[in-house]
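Undergrad: Residues per chain are reported as follows:
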Amino acid sequence: MNKTLLYAVLLIVTVVAPFMFPTFGTQLATLWLMVVVALTWDLTGGQMGYNSLGNIFFYGTGMYVAAVVTISLVYSVSDYTNAAGGGTFQFTWAQYLTGLALGSIAAGLFCAACAVIIGYITFGLRGPYFAIGTLGVAIAAGELVSNWDWVGGGQGIALPVYPGDLDQGKTVFYFLFAGLGVGLFIFLKWLYGTRFGLALNAIRDDEDKADGMGLHTMRYKLTAWAIAAFFVGIAGAISAFQLIHFEPLETAYQTINLGIFMVVCVLLGGKGTLWGPVVGAIMFHVFKEVTWNYFLGWQWVALGALIVITVVYFQDGIMGWLMRVRPEWFGVSVDRSGKAEAAE
Amino acid sequence: MDQIWGNLGLLVEFPVVNLKIIIDGLMIGALFALAAYGLALVWGVMNVKNLAQGDFVITGGYVAWWLTGKGLPSLLGVPIAFGVLWVVGWVIYKLVIRRVIGRDLFTSLLATFGVAIMMAQILNLLFGSDTQSIKLPYDTLYFGELVDVPIAKLIGVCMAAVLATGVIVFMKKSRMGQAIRATAQNPRAARVMGIDTDKVYGFTFSLNAAICGAAGAIIVMVWLIQPFYGITYSIRSFVIVTAAGLGNLPGVIAAGLGIGVFEQYGAHIFGIGYQQAIAVLLLLLVLLVRLAQQRRNRQVLK
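Chains A and B, in that order, give the protein sequences.
Quick note: the first sequence uses our numbering, first residue 1, plus one each step.
Quick note: the second sequence uses our numbering, first residue 1001, plus one each step.
Among the hints, a few may not be true.
Claimed, not checked - Have a look at the derived ranges for each label pair, beta carbon to beta carbon:
1. A:208 / B:1166: 35 to 45 Å
2. B:1008 / A:201: 43 to 53 Å
3. A:72 / B:1141: 50 to 60 Å
4. A:78 / B:1245: 38 to 48 Å
5. A:21 / B:1125: 24 to 34 Å
6. B:1139 / A:293: 31 to 41 Å
7. A:117 / B:1004: 37 to 47 Å
8. A:290 / B:1095: 21 to 31 Å
9. A:126 / B:1095: 22 to 32 Å
10. B:1250 / A:113: 34 to 44 Å
11. B:1095 / A:193: 38 to 48 Å
12. A:165 / B:1008: 49 to 59 Å
Think of the hints as simulated: they come from the structure by calculation, not from any bench.
Here a beta-carbon is modelled for each residue, glycine too, at the ideal position from N, C-alpha and C.
Using the sequences provided together with the hints, build the complete structure.
TA: Below, the structure written as structure tokens:
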């Protein structure tokens, strides 16, 4: 009963927020983006125990796939990128919306396919080797794309501007991100309760034993990563339309920005929990915006310090800490009477 | 595509160009090997994977560059960078690394990544994001028409060799070197035998930072540095150590020289824009080869 009320309140806040705080429209949309990438990172990192540093690869790839699909529906991509914003390329409402819808779906599917291919190669790596290997994939992809003239090279690529009223556009993108986030949350909540979720946890706890018990661990790992990649790819596609112009190294394959933020969000909130990534993403985003406003110039140093402090001193995260001090909130009953008697 | 074939044709037509590329690659590779040796030391002794390795190198480079700007002789920058980075390494050990030893490996990776971001940004705030280098007032030796070797680079390689020899002798002969090697083999037994392992760990990490700093001070004399170049040096160190294995010093040197030559060839054939990508793709290649080796025995890379 209480839980239903909580979810209802949160849903109402989600819907009302952009109208209550219209000046923060883009901020709130970014917040949902953080929630989405944190949740997907936790699917493999927290639940399955494979700490990828390269999930940003799917974000960047999603952006580029969406852009290429949208443009190629109407114009030739090489003409478009050669003009570098100089020529006149008009998109009608119908063309824009088809591009947005088809581009997002194509981005999700393409990224899921990439995850299966890359995963097939890299899932033989464990622990730090997996992290370094996936980081390598993301960095290499960014460098290669920035040398690829067909998609604009290091200059990046520009998408059509939202054809309607721009303030309305901000709200539209907020709801696209929010819808993706809510959908992902519900999907994961269901997924973690199934046999599939248990299999992921078994892989995290002892992969060799899980293999010995007859689980086809490779299939589970590939499926989980493909799910994560699907959602991150869609998030990337929506970001591409929201940002309009993006370039490969700083925006699309931003390894040291969003690529590391998503990991910190999860660690801050609590690894391997459903709510942890959500709470962590909100806290991290608020911290980031505050430092950006008040420590201008030193914001990156502050963020690095936050990463170090979270990782070294506070790795259980907020949810882990809550579980320790308030286990009864999580349906775990603790018998404190024995302790009290012993104390007397 | 035509350009790539053209560059390849050049190599076949003028074999001397190969010689120049190989000499350049070996010189740069010697410096990569130095930083990688530090990583292998820390990795082997304390089981910490240090992603801030490259930023130690860059910091050392900036120390030397700043001192040269103040009028000191450039070559003096190398020992001073060694000393400064020793202190930096010790402070980072006390604040961060000491608390991640013995924790799971992802923790050390992420914590040092945080340190790397902080160091790169502090350098950026202090010195700006332009590329910097020191021009040494020495001539260039010419062998034939196409092969030129700046004396500055030769001096750099000699200093790297002296430093490497010094560290190797220290590890073999001195009491502290013995303690470090004992701790690497079995920390618990070392503690039982009366070795203060905390001190050994601190010393090892400081030594690693100092080696990297000296390497950076040499690199700034023969190449370019920039606050955000650090991550590539870290990745190169990982490539070398992964390819060579831990505690395999000849392997580290060979892999370092090899990656130097490979990168120079790659930059020549594909263009300088691909240099970073080549370093990273080499890492993936090395990981895959190691993985294929392990798969033959039904094992995984842990």
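Undergrad: Give a verdict on every hint.
TA: Status of the hints after comparison with the structure:
In this structure, residue 208 of chain A and residue 1166 of chain B meet the distance hint of 35 to 45 Å, their C-beta atoms being roughly 44 Å apart. Checked against the hint of 43 to 53 Å, the C-beta distance between residue 1008 of chain B and residue 201 of chain A comes to roughly 51 Å, which is consistent with it. The beta-carbon spacing between residue 72 of chain A and residue 1141 of chain B, approximately 54 Å, falls within the hinted interval of 50 to 60 Å. Distance hint check: the CB atoms of residue 78 of chain A and residue 1245 of chain B are about 46 Å apart, consistent with the given range 38 to 48 Å.
For the hinted restraint 24 to 34 Å between residue 21 of chain A and residue 1125 of chain B, the CB-CB distance of approximately 32 Å keeps it satisfied. Between residue 1139 of chain B and residue 293 of chain A the beta carbons are some 54 Å apart, a value that contradicts the proposed interval 31 to 41 Å. A beta carbon spacing of about 25 Å between residue 117 of chain A and residue 1004 of chain B contradicts the range 37 to 47 Å that was offered as a hint. Under the hint 21 to 31 Å, the C-beta atoms of residue 290 of chain A and residue 1095 of chain B, about 23 Å apart, fit the expected range.
In this structure, residue 126 of chain A and residue 1095 of chain B meet the distance hint of 22 to 32 Å, their C-beta atoms being roughly 29 Å apart. Separation of residue 1250 of chain B from residue 113 of chain A is about 43 Å and conforms to the stated range, judged on CB atoms against 34 to 44 Å. Distance hint check: the CB atoms of residue 1095 of chain B and residue 193 of chain A are about 41 Å apart, consistent with the given range 38 to 48 Å. About 55 Å separates the C-beta atoms of residue 165 of chain A and residue 1008 of chain B, a value consistent with the hinted range of 49 to 59 Å.
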